[in-house]
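Engineer: If you read the sequences in order, they're chains W and A.
Take 1 as the starting number for the first sequence in our numbering and just add one per residue.
Take 1 as the starting number for the second sequence in our numbering and just add one per residue.
Where hints are given, some of them may not hold.
Just the calculated beta-carbon pair ranges, DEER-fashion [claimed, not checked]: (1) A:E45 to W:Q346: 35 to 43 Å; (2) W:Q12 to A:S42: 37 to 45 Å; (3) A:E45 to W:E111: 53 to 61 Å.
Which stretches of chain W does chain A cover? Using the computed rule of at least three CB atoms under 8 Å from a CB of chain A, they are [said to hold, decoys possible]: (4) 196 to 203; (5) 209 to 220.
For the record, the hints were derived by calculation from the structure and aren't laboratory data.
For glycine and all other residues, C-beta sits at the position ideal for the given N, C-alpha and C.
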Amino acid sequence: MDMNEIKEIFFQECEEQLAELESGLLKLNDGDRDPETVNAVFRAVHSIKGGAGAFGLEELVAFAHVFETTLDCVRSNKLEPNQDVLKVMLKSADVLADLVTCSRDGGSVEESRTRGLVKELEALANGEAPPAAEAPKAAKPAAAAPVAKPTDDSGFQPIPFTFDGFGEEEDVIEQFTYEVTFKPTRELYSKGNEAALLLRDLSRLGEMSIACDIDQLPALESIDPEASYFGWKISITTPKSEDEVRAVFEFAEWDCELEVKPSEASADEELPMIPVPFDLSSLDDEPVETVQPQAETAAKASVPEATSSVAKAVNAAVEKKESAAAAAAAAAAQNNPAAAASSAGQTIRVDLDRVDRLINLVGELVINQAMLSQSVVENDTNGTSAVNMGLEELQQLTREIQDSVMAIRAQPVKPVFQRMSRIVREVADMVGKQIRLVTEGENTEVDKTVIDKIAEPLTHMIRNAVDHGIESPEKREAAGKDPEGTIKLSAKHRSGRILIELIDDGGGINRERVKQKAIDNDLISPDANLSDEEIDNLIFAPGFSTADKISDISGRGVGMDVVKRSIQALGGRISISSRPGLGSTFTMSLPLTLAVLDGMVVTVAGQTLVVPLTAIVETLQPEASAIHSFGSNQRLISIRNSFCPLVDVGRILNFRANQANPVDGVALLVESEGGGQRALMVDAIQGQRQVVIKSLEANYTHVPGIAAATILGDGRVALILDVDAVVGASRGQSLKPEMSLAAAG
Amino acid sequence: MAARKAASGKLALSPILDLNEASALHGKLMSMRGKDIVIDASAVERVGVQCVQVLVAGAAAWQADKKSFLVEKASDAFEKTIALIGISETQLIAKEI
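Can you make the complete structure from the sequences, with help from the hints?
Structural biologist: Rendered as structure tokens:
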């Protein structure tokens, strides 16, 4: 593993830590005062700082350090995390995230931003109330100033032991003795830390004696070479403070048991301490080229001496070990380090490419299995042969494999939602509005590919909601509302799709203005008679922007049409409903996965089509008496005493010139996202099958009314019907809605 | 005991005894069980605790087998690290008894 890979892992971990940090801060913001929440927040910043230090990302370390110091004040109850404090912290979290991004992708964060926040953080840590009044500029030269260089404290600490006997006390430095108990966990090593280096750094603080506790060490045959068994008791005499001693273990603090306490003179010594008197400079990270002759001779001399003194000592050591062995065996069984490790590290990081390859392969497996089934069915008419039975099992297995593989890629939408809270904060700050983002259902899981792709449209919609949706505090107060606006972002599963709703309690869509704007932009003709819903949907028209002035936030010409297009490209739909004065609701419905689909295979005018099963409510064979015609060529079907428009799929898709006779075909009752049911007429149903979705856009080009394509068991390509587009078309809209708007203008 | 004397082995330690080396070292030791062993630590430049754990467990195992386990030419870095982490050389040596 080279340095870049390790660094990449660090950045991945940073992202997790940043998410942790933000969710913790938001929890605190909501009044959570659980010390564990504060700890989690502190830990997140601390870990980022630690890793950044290892990679020499000084800017990041500097900022994280100041941030951490302030968080420590919260942790130790010196600072009450009230709204004002948390506002600064949330901003700091944003800057920290930016610093991480810059460290990874290059670029830099505006220095003024960092410096301003550093001042605010320092003011908080010093017990000054926010917002920090203009801090005296000369007081602190640079943000990096208070940062201690944690790891590379090279060189020796001068040890003041030469003055004994002489009465000159002016320079006598007070010495303290601490007892340090240090027991690393397996993670300490697996994260690239090394206990020996920590001990080396510790030994540099002063005079140190050490005892290694090897009682946990199992027999050679049962040892796990990568586990941690040794623990240490250390006695160190140093002029440093307890905190400075602790600081040695700063980056390993979460991966070890550590106790540092001032020594009590009568410390009971269970283990004989070995003084560490050596010049340890040769153990520095950089190899020292000059070999010290004394050290070498000492080494040579020590060998025979050691071997001669071995026999007795080894007996003692081993006997001691053996006597403890029986007791230790029982304890080890319960205290099995491997078991402990497995409960801690239950996740692994896998390259997304590998998962994608697996998913593709499983897709091929599904197709292949379908082909195999088909040829068996063709050759085995009674369907009871052993092969047939075996195939059914195979089908079930394939299905399970596929579900499990898809579950690997399923992720909660939480990270995306969290990013949105930052956007709300920033944009609200910029436009001077007070807005609160409430999220719901953030643990709803959806395929990673979908998650990656919804972030952008969602960001745009959130910006829009903040900029245009929510009114200014004054306007809100005038309208008798809470000056603080609320945006609610929710996610839930509904009938095999994920539904994301963005609800604001703003002014709602100003239909008059939208209509006027559409007329001005030649999107509709001035005499067009549009329903409220149609006017609302005008905001999705290309090139539509209602902002009076082009702001920095939204209204850059790429508007909601881009949002709509990217949602559609995902196989999703977006709709809006708005109530004047009360707010707007955007509803997005997205597929849970972009890889497979349960579909009903049907025949229409000699073509094979797949209708997504999630859309179908029921299928029925129409009777002549149930069909009612009206108008030029509109038809209704009566189903259990209610009427439902009948749509000939073959006609809508231009597969045939004339409408087919409904009695000869089958009607699929479908429910569309826009609400309402339609009966889709097809010629025949072939069966129900799971199909692997292949993008038409990527391999061919977009076809109106068709969502994607798939490969059937016999190797033929079948088109997957876009039910909503077909239903929309049946309402009189053309299959290219954006074209129809342009044509109207 | 001629048979016993014949069965002795030498194990030269790698220069870098880090986390990655611990499993390899463990494997080498396991394959050399049952015979006297002389460990050559002259080339060692860096020692991690996990390799020391394996070595100490090795010395104990050899002791239990009543075979000799001897660290021969320890490099400066090896000796200092061993002392630093509080392992006495006796814990790294088993003697044929």
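Engineer: If a hint holds in the structure, say so; if it does not, say that too.
Structural biologist: To see whether the hints hold, each was checked on the structure:
1. A:E45 to W:Q346: 35 to 43 Å: holds, 36 Å
2. W:Q12 to A:S42: 37 to 45 Å: holds, 40 Å
3. A:E45 to W:E111: 53 to 61 Å: Since E45 of chain A and E111 of chain W have Cβ atoms about 42 Å apart, the given range 53 to 61 Å is violated.
4. 196 to 203: Contact hint for the stretch 196 to 203 of chain W vs chain A: holds, 4 residues under 8 Å.
5. 209 to 220: Holds: 8 residues of the stretch 209 to 220 of chain W have a Cβ under 8 Å from chain A.
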